[in-house]
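Undergrad: Read left to right, the sequence shown gives residues 225 to 595 (the numbering used here).
One should not assume that every hint holds.
Listed below are the simulated DMTMM-like cross-link pairs for lysine to aspartate or glutamate, each with C-alpha atoms no more than 20 Å apart in a straight line [as the list claims (entries may be wrong)]:
id	residue 1	residue 2
1	Lys424	Asp318
2	Lys499	Asp517
3	Lys349	Asp327
4	Lys424	Glu581
5	Lys492	Asp471
6	Lys584	Asp325
Simulated restraints, written as ranges between beta carbons of each label pair [unchecked claim]:
id	residue 1	residue 2	range
7	Gly469	Ser572	43 to 51 Å
8	Gly288	Ala523	46 to 54 Å
9	Asp380	Ile489	19 to 27 Å
Treat the hints as calculated values from the structure; they're not laboratory data.
In this text, a Cβ means the ideal position worked out from N, Cα and C, and glycines have one as well.
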Amino acid sequence: MTDSGGIGSWVGIGGKARMSQIQESGERTAEARMRIRIAVDAVGGDYAPSEVVRGAVQAARELGVDIILTGPRAEVAGELAAIGADNLPIELVDAPDVIRDSDNPILAVMRKPKNSLAIAAKLVKQGKADAMMSAGSTGAVMLSAYRYLGTLPGVDRPIIGGPFIQLAPNTFVLDLGANVGCQAYHLLNFAVAGSVFVQKFLGIENPTVGLLNVGAEEGKGNEVVKEAYSLLRESGLNFVGNVEGMDIPLGKANVIVCDGFVGNILLKFSEGLGKSLGRWLGQRLKDRLPAEDVDSIAAELMHLVSPAEAAGGGPLWGIDGVAVVCHGSSRAYQITAAIKEAKLAVESGFIATLREELEKAHRVTSANNHG
Numbered sequence: 225m226t227d228s229g230g231i232g233s234w235v236g237i238g239g240k241a242r243m244s245q246i247q248e249s250g251e252r253t254a255e256a257r258m259r260i261r262i263a264v265d266a267v268g269g270d271y272a273p274s275e276v277v278r279g280a281v282q283a284a285r286e287l288g289v290d291i292i293l294t295g296p297r298a299e300v301a302g303e304l305a306a307i308g309a310d311n312l313p314i315e316l317v318d319a320p321d322v323i324r325d326s327d328n329p330i331l332a333v334m335r336k337p338k339n340s341l342a343i344a345a346k347l348v349k350q351g352k353a354d355a356m357m358s359a360g361s362t363g364a365v366m367l368s369a370y371r372y373l374g375t376l377p378g379v380d381r382p383i384i385g386g387p388f389i390q391l392a393p394n395t396f397v398l399d400l401g402a403n404v405g406c407q408a409y410h411l412l413n414f415a416v417a418g419s420v421f422v423q424k425f426l427g428i429e430n431p432t433v434g435l436l437n438v439g440a441e442e443g444k445g446n447e448v449v450k451e452a453y454s455l456l457r458e459s460g461l462n463f464v465g466n467v468e469g470m471d472i473p474l475g476k477a478n479v480i481v482c483d484g485f486v487g488n489i490l491l492k493f494s495e496g497l498g499k500s501l502g503r504w505l506g507q508r509l510k511d512r513l514p515a516e517d518v519d520s521i522a523a524e525l526m527h528l529v530s531p532a533e534a535a536g537g538g539p540l541w542g543i544d545g546v547a548v549v550c551h552g553s554s555r556a557y558q559i560t561a562a563i564k565e566a567k568l569a570v571e572s573g574f575i576a577t578l579r580e581e582l583e584k585a586h587r588v589t590s591a592n593n594h595g
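Please construct the entire structure, taking both the sequences and the accompanying hints into account.
TA: Rendered as structure tokens:
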């Protein structure tokens, strides 16, 4: 395969660059400039690069987006050659360094400057891509996005959130593991980010916000949660008070906020519960239904209980740019779904709205505290 090693290395069938199609970013056609460009970490995830490349190719075919794959040139080009990507808007940018799950995220980001995550984040920073996506190490994705894109005003660290259980499809929980040891204002940031996301992606005006706690009554919980309750009450958000764990599958609030330590335990419990229920159901039905029907029902049950695994991932909220992190075990269809989510985030103006709402919430709470 021949390419320029930079933006504009369009890949055709068999992995051979079609030189007549090579366009530097400043020379893209008017039609191409209207399409959203997603930088995809081709070597991040348990099943990379094969599943990632397949998902990216599918996105290029179906979603009307331009794909920029970052990763070791020969390895990624080989996958493209095996699939066939003739005349698709897919570019390959060489990133020879690879961050493995076994690597320390901080050391890897520092010691491997030409890694696929860093290249993807830089493309967004430089305006050569509109969003980035990876199924690689969550820690490395967060650090790369934080290092190269930064965070929105008032946000210390990236935030991870998403739909929690399909039995309550309009309920989003955050943080799901990016932030542990939170202070009260972190929980306020989570609530603002979740509210903006639900408005933009689900079309729910004035979404309800609940604070996950050990009881519904005001005054419950530790000091951080009590302080967060006060901030949320004064924030101008549609705060409905404390919610308990049992309220999550009942959909009592559109946005439920909690410390990332708690959120990640909830997430992993949900994933394990979905798998366990699927196995249990399979055993109960194996002598009553055809195997294909049993597998289909078990998979549907797992998705009902653990939609995060089915969806693949979600955006890193609070980053000053669109960065989507996927489940490490994402398959091709989940990669495609994540690219679609990145596209929607760009189209909706999610980042600009979140910036405005964060500033508004902090102004209101600051005024109330000093009034």
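Undergrad: Determine which of the earlier numbered hints do not hold for this structure and return their numbers in increasing order.
TA: Going through the list in order, the structure violates hints 1, 3, 6, 7 and 8 and respects the others.
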